[in-house]
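Taking the hints as your guide, dock the two standalone chains into a single complex.
Residue numbers (the working numbering), protein chains in the order written: chain A, 1 to 347; chain B, 348 to 643.
To be clear, the hints were calculated from the coordinates, so they are not data collected in a lab.
Remember, it's a predicted structure, so these values are computed and weren't measured experimentally.
There's no promise every hint is true.
[What the hints assert, rightly or not] Chain B side only, calculated, beta carbon under 10 Å to chain A, not exhaustive:
1. L439
2. I562
3. L575
4. R616
5. G617
Built from N, CA and C at the ideal position, the CB exists for glycine as well.
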Amino acid sequence: MSNQAAVLTRKKLSIAKAAAITVLGCALLAFPFIAQNRYQVHVINTAGIYILISLGLNIAMGYAGQFNLAMGALWGVGAYTAAILNTRFGIPFWLNLPAAMVAAGLMGAIVGLPSFKVRSHYLAIVTIGLGEVINIILVNQQGLTGGADGIARIQMPSFLGIPINTDERYYYLILAVVLLGFFVARQILKHRIGRSFRAIRDDYQAAKAMGVNIAYYQILAFVISAAYAGAAGALFAHLNTYISPDIFEFSSTLFIMTVTMVGGMGSLAGSIVGGLALPILQEYLRVIKNWQLVAYGIAIMVVVLFIPGGVIQLMRRLRGSRVFRRFLADRYAEERFQPEETNVSGN
Amino acid sequence: MRSGIFLQTIIGGIGIGSLYALIALGYSMVYRSMGLVNFAQGSIYMVGTYFGIIWYAGIVMGLHVPYPVALIIGILLNAMLGVLLERIFRPLAKLDLMFMLLGTIGLGFVLDNLFVIIFGAEGFAVTSPLPNAPLVVFGIRILPQMLLLIGGSALLMLGLQVFLKRTRSGKAMRASAMDNEIASTMGIPVNRMNALTLAIGSGLAAAAGILAAPIVYVNPAMGSAVGLKGFAAAILGGLGSIPGAIVGGLVFGVLEAVSAGYISSSYTRGIAFLIMVVVLMVKPSGLVGEVTVEKV
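Bound-form chain B, shown alone (with noise of 0.2 Å):
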């Protein structure tokens, strides 16, 4: 028994790692491409997922769109946010890390708080669109959203694996973030590409949103807990290492239910980001330890 309720924990930490996980690829992709650390990502994980739940939960004139189909516009309308947010991370990238800091922050800060206008402060709860009862396999209770969420982030992160790896955009892409200068010259458009970066990056943010919003609490709020745990998961990983950002998101998660199930719930995060702190010291570059990319 004691070990069911251990597979639980690690399950619901998986659920909760692939958010994460799905997160970081933003930090980690956009860091990679235009070496600009993204603190406005929790913001637009917040926002993508307003951009999809509002259909489905009835906010805007009490449209009950299907699911998948609130899914795919907030994937869409969030991705074309990212591509409006090239244009103002253009100037921010050239500047010290110091400068990108602030002003990723205060677009995060903007962001939220146009939200809080336009939302009011106050988040609603969403409904599953699966059955609410737990899944009992073998004694393992778990809720059938987290098991769509754990699917669904596989199921995008294949995606995103092929995309970079077998398609003609995904080569350029991954052409353009190791060299832009190189790759301009090839006549690679760079700066498109770095559109194409954040569009995806921030896709993948509002999808993991919309697919955890039945498991987490909607409000504008949402974002910044999230962001942090996302970059530090990045970090965890290996800042711009695509496959560091899905283990450290995985790994953070788990350590968190771990150390909450098992330890003490109100130390949770402190356990987490002590444990992050400890493997930065132990080996700077990440778990995954890839070679990353040193942007100057």
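Next up, chain A with everything else stripped away, as it sits in the complex (with noise of 0.2 Å):
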């Protein structure tokens, strides 16, 4: 094969590539007019925002290994803070989206603390816990949270003037979201902090002895997991214009661990691919009534023992088969794919 062949291949790849990053660019942005209802756009505003607080778990969880249960209660403390500043003060959306970040952001310092002590299955019964905590804190502090029943009447927000006051609206003021927390958190991950997260979840001990500053990488992954859930909070409440405690109990934290690891926990992907599927696979569940949360409890079982990566590894095992590379074969003859040749020769 011709070092020719392969450049071109490449390019041709490339081209593939920038081809499907356009349809898939058209695709989102076009959506809100694709949707048949608004119910849809508003399954996948929902969608939107699991997939944030499941980014900012798998940083936590995935890539840092920390055990952050405590996701669905500083989801909660994200949202409170955006529905009390906007329903006692008036302060719009954009304010409250940074201060909503900080306020879960300070709780989920907190929450972390525990791990400079206890570890896996200690640490994770003690943010349940802490999660708990906040939960109930939430529920009987009524003068500010309105116990129970909630906060209601939460303005939705204008940008420019134009509000922001319809799902489809709002479809993209989640979108941009997003898509910037995505890319952030892949900046994130890409350097020096990400590498000590690794170094952290792969073995502590040995990171340590290399020098890396534990007390504070685990903090800090607990801080920027409890930002994400609390920009999400910030975006659900604005959304919805109502919440009340009962969103955030500890089976949110189980949705959006399951989220995590059906996308694949340690992959940021994941957190897209599963914080679409499993909103989507709800909606099409609702068919068989009661039996939904069976199969849904089957299929997270099902997951579990046979593609534990998650979608996504699922993908990359089905890319590397045999049968997806003869098809890849076939469709670029030119360069077949020897993957060994480029490693054995030098070295």
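In structure tokens, the structure reads:
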């Protein structure tokens, strides 16, 4: 095989990639017009919010190996911060979004403090416990949070005088925040912070010996994940205009964990796949009514037992499989796939 | 008089604490033998309660079998469920904690919702087989059912200790929990021992549920809160330790009752969890600092 052919193929592949990205981008932008009804847009908006929280959980759990099972409660902290600031003081969404991230981030730092002392399932139950405590405070501080009744009449945002008051308009807001969140996460994980996270996850003692400031990075992982949850909370509060504490119970943490693991823990793209797939799957499962949740539970078990890396891993495995390689090879006959070639030569 | 109320609170706490202890035993025994954290334990407790109570409360064909018979049926049926579950848990136990967590939670989800489909989401109250009027001893008022719960749980825990220490199967179980590779070279069927462990853990959960049913409200969602608290109790005592599970359960129950009675009833759950967090920070191996088996 000549070098030239390989370059050509690569060029062809990159053109295909660019085309795919363009098509995907157009589809994303046009989605509210393609959707058959407003409800579908609403489902996707909710999915976007889950993607955002799942990105946060993925950073803490998939990359830094820190069990943050208070994500649902931290999401609640963000939502309540935005709701209280908006209904009490009339502060608009654009200021509430960073405020919610800061409030949730601070709370995340507190939730993360036990990580100095405990790990794995101990850390899991401690964060579950702290999440429960946060939720109980939300229920019981009635003067501030409205108790079990929650907070209603949260204003929807507006942008340069255009009110973002329909699901279709809100869709673009969520799309922008999710994309921003995704690229920020990718940048964070690409550099020093990401390397430290992975070092701590894979072997924290070795990381410590190599001079990684474990305490700092563990808390940082919690803060970043909580900030994502906080942003999702502000988006959620302003989208639904009504929030109540039962939304942010432990079951929401479980849902987010399911989303992340079905998509692929330790892969940011997994968060997007899982965040889109599960809410949509739930909508389709509505047809079988009561069996919906049973089917859902079985689906979780099947994923865990047979594809523990989630859908993303399944896709990677498929790409590496012989069938797929032959498929590619037929397409690009100039370049046969010979992965060993480059490795063996010089070294 | 005040001390009377205090004692009453403590006894109530011990009652609900023995419920937590029996659940915590399930967590700890399974963790010890399989290295698996079974988050479906709360649902298994719920299923066990139904397995027994439906015969007693006239849910199935209007049957009203005597309470002790219902108790035994419930324990046996749930033990059988435990044996079946071993098949599902065997591959799960080889995975990371994250996957165990999600896999067992998924299983719990399936069980919970199957029971919603079969018996409906609304629960029912169960009448106690004992008189409903509280006994009054030295000015302390105790429900007879509460005494039955405490006494029954104590007997079960004692029975478990005797079984583990004195019988052949009990010794084999402990051996396989300690090191399953060596145990299997010694001819101990490790998988069967794990099945037995799960059967005992599930049976204890069923017993706890049926004994507590007249005090708590029976519905398919009853497992989630109790399951979480049982896990907290197991961790509090030291996960994998059998005395730890018992101590952890009782301490958690008493803490909950005292904080409900003296601090704030709406913050009960929160206070109990906060104390658990504090204990873990101070002593991560739990209250009963037994050397726990570190499973890799």
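We went through each hint and held it up to the structure:
no. : hint : result
1   : L439 : holds (7 Å)
2   : I562 : violated (22 Å)
3   : L575 : holds (7 Å)
4   : R616 : holds (6 Å)
5   : G617 : holds (4 Å)
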